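Participant: Here are the chains, one letter per residue:
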Amino acid sequence: MIIDLKKLTIAKAHEALKRGDFSCVELAQAYLDTISAKNKDINAYLEVYADVLESAQKADQMFREGKAGMLTGIPIAIKDNILVQGKIASSASKILENYHAPYDATVIAKLKEAGVVFLGRTNMDEFAMGGSTENSAYGVTKNPHDITRVAGGSSGGSAAAVAMDGALCALGSDTGGSIRQPASFCGVVGLKPTYGAVSRYGVMAMGSSLDQIGPFAKTVSDSEILFDAIRGTDGRDATTISADTYKPVRIGSKKPVIGVPREFLKGDGIDPAVLQNFEKSLAALKEKGYEIKDVSLPNISYSLMVYYVIMPAEVSSNMARFDGVKYGLHVDGKDGIDDYFQTRRAGFGKEVIRRILLGTYVLSSGYYDAYYNRANAVRQMITKDFLDAFEKVDVIVTPTTPSTAFKIGEKTADPVAMYLEDIFTVTANLTGMPAISIPCGTTSKEGKELPLGLQISGRHGDEKTLFQVGKDFLGE
Amino acid sequence: MITPAELDKLAQLSRIALSEADKASLITEFDSILGYVDQLKKVDVSMDTEGRVGAVKNVMRTDVAEDVTSSDRERLLDEVPQREGDYVAVKKIIAQD
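So the protein lines, in turn, are chains A and B.
When we follow the working numbering, the leftmost residue of the first sequence carries the number 1, and every step to the right adds one.
When we follow the working numbering, the leftmost residue of the second sequence carries the number 477, and every step to the right adds one.
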């Protein structure tokens, strides 16, 4: 039978599997067929697992035994920096080209328990450093809506996999926008949960005070299903939060109040088509009965600068573990210490080296106070601005990105131009608050319809309200 | 803004060998990135934000060794680039005269 993957959601697939319209094996095969037709052009997957049908058979068995849940048999793609035991996890880096994960990440263990079918590992910017997947050691991922453009990054492969119907949903990681920006570029839903909501045990660390794992899906409802399956306290990640870490806010039956940081949308470098679309989204929300208020976030213009101090600082220490001794690539130097120098030079790409050096600089004696300490102080000020704003409104909306997906190669020569892509997304990582990007229409560029995203951010621990507004906006 | 000598020092601290070509482009890129983040120096950071931010707190665990099965250990050792039996092989670090 032919399964209409375009319109499929997790809930619909589950109902169909339960009814026996198709089996888990047939569903998995439909995705494998799409992947083999499309992946050579898109390069969303670095590897499609050899045991996909085998795990689909196990999922069918769970249905037969009455043990199936909502996610049983659901085909999912995994970003290449999340460990699946026995499989290669390379973070799209040459330094981990042949690294086999010795254990499962907590999110993987939870999904295995639920009986999902892992399709394969997706392309990304090396160690999640980048906004276009152009920093992958294994070639760029192309945007399914226009293959001359990037899919975004760093989780570009996961976003493209879902957008090309090469997976029903996917996992990514988000340190400064790495789930939301590619979701926006590819026209899918991407969630960066509250810091600590999802265990990071088994995901390769980039910026430890910023990183979160989150879902990609075609609908907000699917994102919610996946988020509920992976969230929760984990003894193996001391930063995970529990249900009572943040006091729940009772909005009652009233519609959430929406805030707009007007002054932040006046900056240079925002595509007029993005702003026009954003105003349309606001009008649609107003039409649905939402109250919309201007909010003031006085220090928000410093967010990106703060991020580009704190993130490289954390990168420089997290990347120290790659030494050619414990795992991964080893290149022989003239003595023991030279082994490190040669291994790291050969194994890391340009952007990773740039960030390690930059992080070492901002942490070094004489510069620490001027950069790192100051950035941390401003980070607290930005967080306070948001906490104050959330006294008056329930969610804050902005465009997800300042432009549509850009051309491959357009921004590779200028790191700052690439960094500016993160302007609207980094704040949620700095404050630890959750944020979701949902598709909000398209704009025409060179005859192609390119997706745009609306970012909805909320209070710590309040993903629920993001889902509520997102579903309402999309009419789910 | 950043001198070649400073960059050499950073490369030394970071354990990364850099070619002359790497260094030339890194110096230009550093100037552009630091020029951008330098705007932070204008911010008045005297505001007291203590206790307002986040709910992250220290989580302690007892200092005990966890049991590792021999298959777990084998999986970890399997990833070691240079292995001798159950040991990680590294070069001699004490030079002989």
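One or more of the hints may lead you astray.
What the hints assert, rightly or not - Derived lysine-lysine pairs resembling DSS-like cross-links, with alpha carbons at most 27 Å apart:
1) A:K110 / A:K266
2) A:K334 / B:K517
3) A:K448 / A:K392
4) A:K40 / A:K110
5) A:K326 / A:K350
6) A:K255 / A:K471
7) A:K384 / B:K518
8) B:K485 / A:K326
9) B:K499 / A:K110
10) B:K533 / A:K464
11) A:K247 / B:K567
12) A:K334 / B:K499
13) A:K326 / B:K517
14) A:K266 / A:K247
15) A:K384 / B:K567
16) A:K286 / A:K392
Unchecked claim - Cβ-to-Cβ under 7 Å is the rule here; a few derived chain B residues that face chain A:
17) S490
18) E505
19) V519
20) V521
21) S547
22) R549
23) L552
24) E555
25) P557
26) K567
Since the hints were made in silico from the structure, they are not lab data.
As the structure is a computational prediction, the values presented were derived from the model and not from experiment.
Heads up, the beta-carbon is just placed ideally off N, CA and C, and yes, glycines get one too.
Participant: For every hint, state whether the structure bears it out.
Facilitator: Quick rundown of the hints versus the structure:
Under the criterion of a C-alpha separation no larger than 27 Å, the hint pairing K110 of chain A with K266 of chain A is inconsistent with the structure, at around 43 Å. Our distance criterion of 27 Å between C-alpha atoms is broken by K334 of chain A and K517 of chain B, whose separation comes to about 42 Å. As the CA atoms of K448 of chain A and K392 of chain A are separated by approximately 40 Å, the hinted pair breaks the 27 Å bound. A distance of roughly 31 Å separates the Cα atoms of K40 of chain A and K110 of chain A; the hinted pair therefore is violated under the 27 Å criterion.
For the hint pairing K326 of chain A with K350 of chain A, the CA-to-CA distance comes to about 23 Å; that is within 27 Å, so the pair holds. Only pairs whose Cα atoms come within 27 Å are accepted, and K255 of chain A paired with K471 of chain A is accepted, the gap being roughly 13 Å. Between K384 of chain A and K518 of chain B the CA atoms are separated by roughly 19 Å; this keeps the pair inside 27 Å, and the hint holds. A threshold of 27 Å between alpha carbons decides the hint, and for K485 of chain B with K326 of chain A the separation of about 25 Å falls inside it, so the pair holds.
With a C-alpha separation of about 45 Å, the suggested pair K499 of chain B and K110 of chain A falls outside the 27 Å cut-off, and the hint is violated. For the given pair, K533 of chain B sits about 24 Å from K464 of chain A by alpha-carbon distance, which is consistent with the 27 Å threshold. Proximity of K247 of chain A to K567 of chain B is assessed by CA-CA distance (about 54 Å); at most 27 Å being required, the pair is judged violated. Restraint check for K334 of chain A and K499 of chain B: the C-alpha separation of about 22 Å stays at or below 27 Å, so the hint holds.
With a C-alpha separation of about 40 Å, the suggested pairing of K326 of chain A with K517 of chain B is violated against the 27 Å cut-off. A C-alpha spacing of about 34 Å is found between K266 of chain A and K247 of chain A, which places the hinted pair above 27 Å, so the restraint is violated. Of the pairs offered as hints, the one joining K384 of chain A and K567 of chain B is violated, with about 51 Å between alpha carbons and a cut-off of 27 Å exceeded. Using a Cα cut-off of 27 Å, the hinted pair K286 of chain A and K392 of chain A holds, with the two alpha carbons roughly 17 Å apart.
With its C-beta approaching chain A no nearer than about 5 Å, S490 of chain B sits inside the 7 Å limit, and its interface hint holds. A least Cβ separation of about 6 Å between E505 of chain B and chain A falls short of the 7 Å threshold, and the interface hint therefore holds. Interface restraint check: V519 of chain B against chain A, minimum CB-CB distance 5 Å, threshold 7 Å, status holds. Because the beta carbon of V521 of chain B sits about 4 Å from the nearest beta carbon in chain A, less than 7 Å, this interface hint is met.
Hint on S547 of chain B is violated. Least Cβ distance to chain A is approximately 10 Å, over the 7 Å limit. Because the smallest distance between the Cβ of R549 of chain B and any Cβ of chain A comes to about 10 Å, over 7 Å, the interface hint for this residue is violated. Against a cut-off of 7 Å between C-beta atoms, the interface hint on L552 of chain B holds, since the closest Cβ of chain A lies about 5 Å away. For E555 of chain B, the interface hint holds, the least distance from its beta-carbon to any beta-carbon of chain A being 4 Å, beneath 7 Å.
Because the beta carbon of P557 of chain B sits about 3 Å from the nearest beta carbon in chain A, less than 7 Å, this interface hint is met. About 4 Å separates the beta-carbon of K567 of chain B from the nearest beta-carbon of chain A, less than 7 Å, and the hint is met.
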